[in-house]
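Novice: Sequence:
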Amino acid sequence: MSNKAVTDQEALHYHEFPQPGKISVEVTKRVDTQKDLSMAYTPGVAVPCLEIQKDPSTAYRYTAKRNLVAVISNGTAVLGLGNIGALASKPVMEGKGVLFKTFSGLDSFDIEVATEDIDEFCKAVELISPTFGGINLEDIKAPECFEIEKRLVEKLDIPVMHDDQHGTAVISTAAIMNACELSNKKIKDLKIVVIGAGAAAISCARLYKHIGVQNILMIDSKGVIDSSRDDLNEYKKEFAAPAPLTQAEAFRDADVAVGLSRPGTFSIEDILLMAKDPIIFTLANPTPEIMPDETKASRADAIVATGRSDFANQVNNVLGFPFIFRGAMDVGAKKINMEMKVAAACSLAELAKQEVPEYLHKVHNRELRYGKEYIIPSPFDKRLVVEVSSAVAAAAIESGSSDMKDFDIELYKKELSKKYSK
705 MSNKAVTDQE ALHYHEFPQP GKISVEVTKR VDTQKDLSMA YTPGVAVPCL
755 EIQKDPSTAY RYTAKRNLVA VISNGTAVLG LGNIGALASK PVMEGKGVLF
805 KTFSGLDSFD IEVATEDIDE FCKAVELISP TFGGINLEDI KAPECFEIEK
855 RLVEKLDIPV MHDDQHGTAV ISTAAIMNAC ELSNKKIKDL KIVVIGAGAA
905 AISCARLYKH IGVQNILMID SKGVIDSSRD DLNEYKKEFA APAPLTQAEA
955 FRDADVAVGL SRPGTFSIED ILLMAKDPII FTLANPTPEI MPDETKASRA
1005 DAIVATGRSD FANQVNNVLG FPFIFRGAMD VGAKKINMEM KVAAACSLAE
1055 LAKQEVPEYL HKVHNRELRY GKEYIIPSPF DKRLVVEVSS AVAAAAIESG
1105 SSDMKDFDIE LYKKELSKKY SK
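Numbering follows this note's numbering, in which position 234 of the sequence shown is assigned residue number 938; successive positions increment by one, without gaps.
Read the hints as simulated data drawn from the structure, not as lab findings.
From a predicted model like this one, the values you see are computed outputs, not experimental measurements.
Glycine included, C-beta positions come from ideal geometry on N, C-alpha and C.
Treat the hints with caution; some may be incorrect.
To be verified - List time: in silico DSSO-like cross-link candidates among lysine-lysine, alpha-carbon distance up to 30 Å:
no.: 1; residue 1: 889; residue 2: 805
no.: 2; residue 1: 889; residue 2: 845
no.: 3; residue 1: 1000; residue 2: 1038
no.: 4; residue 1: 805; residue 2: 895
no.: 5; residue 1: 1076; residue 2: 1066
Unchecked claim - Okay, the calculated beta carbon distance ranges per label pair:
no.: 6; residue 1: 720; residue 2: 934; range: 46 to 52 Å
no.: 7; residue 1: 739; residue 2: 1118; range: 47 to 53 Å
no.: 8; residue 1: 788; residue 2: 822; range: 17 to 23 Å
no.: 9; residue 1: 787; residue 2: 1057; range: 19 to 25 Å
no.: 10; residue 1: 722; residue 2: 744; range: 25 to 31 Å
no.: 11; residue 1: 745; residue 2: 827; range: 47 to 53 Å
no.: 12; residue 1: 934; residue 2: 1058; range: 45 to 51 Å
no.: 13; residue 1: 1121; residue 2: 925; range: 30 to 36 Å
no.: 14; residue 1: 720; residue 2: 938; range: 42 to 48 Å
no.: 15; residue 1: 726; residue 2: 1059; range: 32 to 38 Å
no.: 16; residue 1: 714; residue 2: 1059; range: 49 to 55 Å
no.: 17; residue 1: 720; residue 2: 932; range: 52 to 58 Å
no.: 18; residue 1: 714; residue 2: 976; range: 52 to 58 Å
All chains should be built: construct the whole structure from the sequences, respecting the hints.
Specialist: Structure below.
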């Protein structure tokens, strides 16, 4: 079911024509008359300026702040390309802007910060933060990304999320929930092997642990992480096994394998050691650790997912970040907390079980139905912005991240559907 590959020349042509790049700035108010000009700029603009000076919260009423996300990177961990630098990361950051606008109606500016220094990076983001209603950190390498996100979450009073960490965690958690249901496994009984120990791997393991998984082993480039090693940072130590294990021992009778590394870090021999009805996610991009057809050929009983759009069960961050920020920003959340991420995962898992609209069968050129080949929703499901955003918004209020009063979730769903689900 693989789609036709995009050539390098096609990709370059797409990004250059009819004008360079993928985003632009649009004006929301007409300026056709002298009065329009007076309202848009001087003297009319002074009135909201003074209102915001008196009460900063009114910036959400009189400016674009309420609907504006910053997509910020220093280019140190871009896709599968590695540390290519801030400027070279710009096409990806513009791409995130396209996805924010297309899938959730959120506007964005991409900002590439030319420093690998944590203090400088955080200071730059802090200084520009008044402009925005949310901060989407992107493609920042581990372990620096953990400290950067932690500092900014503590310092700023708007939602901050490093999507490389939490997006993958939310989507893969939803996929694991449904895969467990289909294979009659219980979350609390799972043995999960996470291959990789970077930003996404650590955050995935944390979220799996939060929903009740008790047995998680992690493998980095030097082998299974265990407490006897003296080369572990504080983040890897969270998932250190009490005693040394071989990779084969880690995989033996494992229920779930989540690859967040690179091609070849685990093998068919490893997955043959796994328990009955294994759940195998090979999420390295653009080339998975093991191609899904190879996995299925060796384990016909497996439920398989990848990070690619040309195979079933794509663990795609676009299922998460547009709607997590939409819900968080619409209720004025101060943080994106664990409760909001779990709510997003549960909403995704539930949506996959619903009857699939006819238009999605046509988009994917195949019949879609909840089962081993469809454990998470299609990114093109127009219900995502309604269901996931509202679940996140409700969780923000219930958990205290938002102090909004008298929230009517059904009315909010209707508003989302009218504005964005088209």
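Novice: If a hint holds in the structure, say so; if it does not, say that too.
Specialist: Okay, the hints, checked on the actual structure:
For the given pair, residue 889 sits about 38 Å from residue 805 by alpha-carbon distance, which is inconsistent with the 30 Å threshold. Under the criterion of a C-alpha separation no larger than 30 Å, the hint pairing residue 889 with residue 845 is inconsistent with the structure, at around 34 Å. At roughly 44 Å between alpha-carbon atoms, residue 1000 and residue 1038 are farther apart than 30 Å, so this suggested pair is violated. At most 30 Å may separate the alpha-carbon atoms for a hinted pair to count; residue 805 and residue 895 exceed this at roughly 38 Å.
Proximity of residue 1076 to residue 1066 is assessed by CA-CA distance (about 20 Å); at most 30 Å being required, the pair is judged to hold. A hinted range of 46 to 52 Å for the beta carbons of residue 720 and residue 934 is consistent with their spacing of about 50 Å. Roughly 35 Å separates the CB atoms of residue 739 and residue 1118, a value that falls outside the hinted 47 to 53 Å. Under the hint 17 to 23 Å, the C-beta atoms of residue 788 and residue 822, about 19 Å apart, fit the expected range.
Taking the beta carbon of each, residue 787 and residue 1057 are about 40 Å apart, not inside 19 to 25 Å as hinted. Between residue 722 and residue 744 the beta carbons are some 28 Å apart, a value that agrees with the proposed interval 25 to 31 Å. Distance hint check for residue 745 and residue 827: the Cβ-Cβ separation is about 31 Å, which falls outside the suggested range of 47 to 53 Å. Residue 934 and residue 1058 have their C-beta atoms about 50 Å apart, which keeps the hinted 45 to 51 Å range intact.
Look at residue 1121 against residue 925: about 46 Å separates their beta carbons, and that is not inside 30 to 36 Å. At roughly 44 Å, the beta carbons of residue 720 and residue 938 sit within the given window of 42 to 48 Å. Against the hinted window of 32 to 38 Å, the Cβ-Cβ separation of residue 726 and residue 1059 comes to about 34 Å, which satisfies the hint. Separated by about 35 Å at the C-beta atoms, residue 714 and residue 1059 break the suggested range of 49 to 55 Å.
The given range of 52 to 58 Å is respected by residue 720 and residue 932, whose C-beta atoms sit roughly 53 Å from each other. The supplied range of 52 to 58 Å is broken by residue 714 and residue 976, whose beta-carbon atoms lie about 39 Å from each other.
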